[in-house]
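Listed here are the chains, written in short residue letters.
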Amino acid sequence: MIRYKVLWICCVLAFAKAELSKAQSTQKIEREEKIDAIDFPKNALQTVEEIGYSRKKVKFYRETDGDKTSYEAKLKYKGSKYSIEFNQNGILEDVEIDLPKREIPKETRTLLNRRLDTIARKYRIEKVQLQYLNKGQTSLEIQTRIDRKDFDNYEIIVAFKDKRKIYRKEILFDNKGAFIQERDIKRQEYDFILF
Amino acid sequence: MTSFYSRAFLFVLLPLWSFSQVVDDVIVQPSINISWETGNRWSFNSVIEQRNSTEDSFKALHIQAAQFASYDIGFYSQLGLGIMYRELFDDARPEEVRFTEQYVYSRKYNALKIAHRARWDQRLRGDRTTHRWRYLLSSSLPLNGFAADVSEFYLTASLETVFIAERNERPGYDQRFSLGIGRQINKKLKLQLVTEYRFEDFTANTERLLFLNIGVYYKL
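In order, the protein sequences belong to chains A and B. First residue of the first sequence: 1, per our numbering; consecutive thereafter. First residue of the second sequence: 1, per our numbering; consecutive thereafter.
Okay, chain B solo, but in the shape it has when bound:
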């Protein structure tokens, strides 16, 4: 049997290689995601994620847990609400609670799926409240046929712009690009490796970060 996806691997590794000279830090972020579709309009997602810096040595930064609920409002759109708690491994800084509200519009064009997501985040850290408005354009494409069947691969890519505002602080902008590959391991389980490049605060003190997101997705 011929592989129709072999070239895709190179694509995924490309950012790793080309940006290795220009990143301030490489961050490794494993996650476990569980989703539950109720069969009606509601669906729920839970995620546990851990973040590590590799700048000097492998160092754990924080662990976080989030719970999301989504409600289908139209043929293609969804409203969502989420809450997240982040436990930092740095006692000098306060833990974080985050609320998220979002709207998602997604459609399938043959095999290609495109989604637009507008999101509003409130990050509560100690006595600080930071607002973030985010827009994400993402897509996914099965590498064989019209759907990612068991043991098949899919590609995913996204662009996200974030506007950050906080009282008594200069507003900031982040820009993120990501490219990844996923594999449907069985009907309920998939594994996804996404490389994400972030320009943080790119209008002022730009910080360039490379994220390696390794996620396990399980569907109840």
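With the rest of the complex left out, here is chain A:
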């Protein structure tokens, strides 16, 4: 029975509170975590309130990448998912709103496909977001732009398949469908082992 006890003690120690090991870890911290509204920058809260139509159900996140911190609020309005992003000082960077991919105008879709065709033979668009950048506007001005769908860019996530591998990219196109930039998305890891 002693072995039993040792086992349990090991388990308890291994699963002990996350906060302890955070300070000990020396590697570059890259994480996003859910936080309470109270830990969100105050001025940003105001903006979320204004752009997010005072929705009650808002989720707040903090992202850390090395020394860089940013904040994000997520909410739903009329069936669309809003993601409102701020820098570490709580200054609005952009608003991203989900769009069903069939709602991309046909001409734009042709331009997008033309670009994607050059990357791999087979691909699938997994997510489309309309990006509204903050160009020194007030919340009200941005909200008006959202209402008129006066967005800046399409931010899309695409899965590609070629002979050697399957991978994903996040690609930015402007509102006319012209390519701006792309970046690789690191492979989605399995949180559980399937075999």
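Please note: incorrect hints may appear among the correct ones.
Taking beta-carbon pairs under 8 Å as the criterion, some of the chain B residues facing chain A (in silico) [stated by the list, open to error]: (1) G39; (2) N40; (3) F75; (4) T129; (5) R132; (6) F146; (7) D149.
Keep in mind the hints are simulated off the structure, nothing from the lab. In this text, a Cβ means the ideal position worked out from N, Cα and C, and glycines have one as well.
Using the hints provided, position chain B relative to the given structure of chain A.
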């Protein structure tokens, strides 16, 4: 900082407590898993697992080693092949070699990951060959945000049905449920504690078993 996952611990311990009256045996099964992703479509997993019964006293039953290879065939699906060797600590029974073929379809819906797995096992024990057809529905959910970052926790749950057939034997069915919690200790290492409840041969001589699976997962 507030914990968004504290309640999850209770969930994991729940089966332990509620089934303690109705299990025939509690089995403790530690394992070490090593995975290697080649960067192309292939990935490999190795596992060493040991099983102990706690019915009368703590008694080791067997130790096993398995090697799996998986190949991505679509955006979300995978084919896999595995071989396992099991060394029983019971000289009266033959050792086991097992071959496994499987198909996995997995997708991510925001933070929630859902996977379907269909599997065919051939268990070779002495001159016996047992076939098992298995279907597993499993899911995992990080308890903070969209991915399990370093030092964060995740939940995992699964349902599995197994159909067992062997020449000159009555076919059997097993049903398994599992619920577990895992922790990403660092970028390459995670620890997972899963409680699994099994109804073995539930259409005839039902045996109820509770498994405690403690796994260390290391990514090369």
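Outcome of the hint check:
Interface hint at B:G39: satisfied, since its Cβ lies 7 Å from the closest Cβ of chain A, which is below the 8 Å cut-off. The criterion of a C-beta within 8 Å of any C-beta in chain A is met by B:N40, whose closest approach is roughly 5 Å, and the hint holds. For B:F75, the interface hint holds, the least distance from its beta-carbon to any beta-carbon of chain A being 5 Å, beneath 8 Å. Contact between B:T129 and chain A, as hinted, is not supported at the beta carbon level, the nearest pair being about 21 Å apart and thus beyond 8 Å.
Hint on B:R132 is violated. Least Cβ distance to chain A is approximately 15 Å, over the 8 Å limit. This hint holds: B:F146 has a C-beta 7 Å from the nearest C-beta of chain A, less than the 8 Å allowed. Below 8 Å, beta-carbon pairs count as interface contacts, and B:D149 has one with chain A at about 4 Å; its hint therefore holds.
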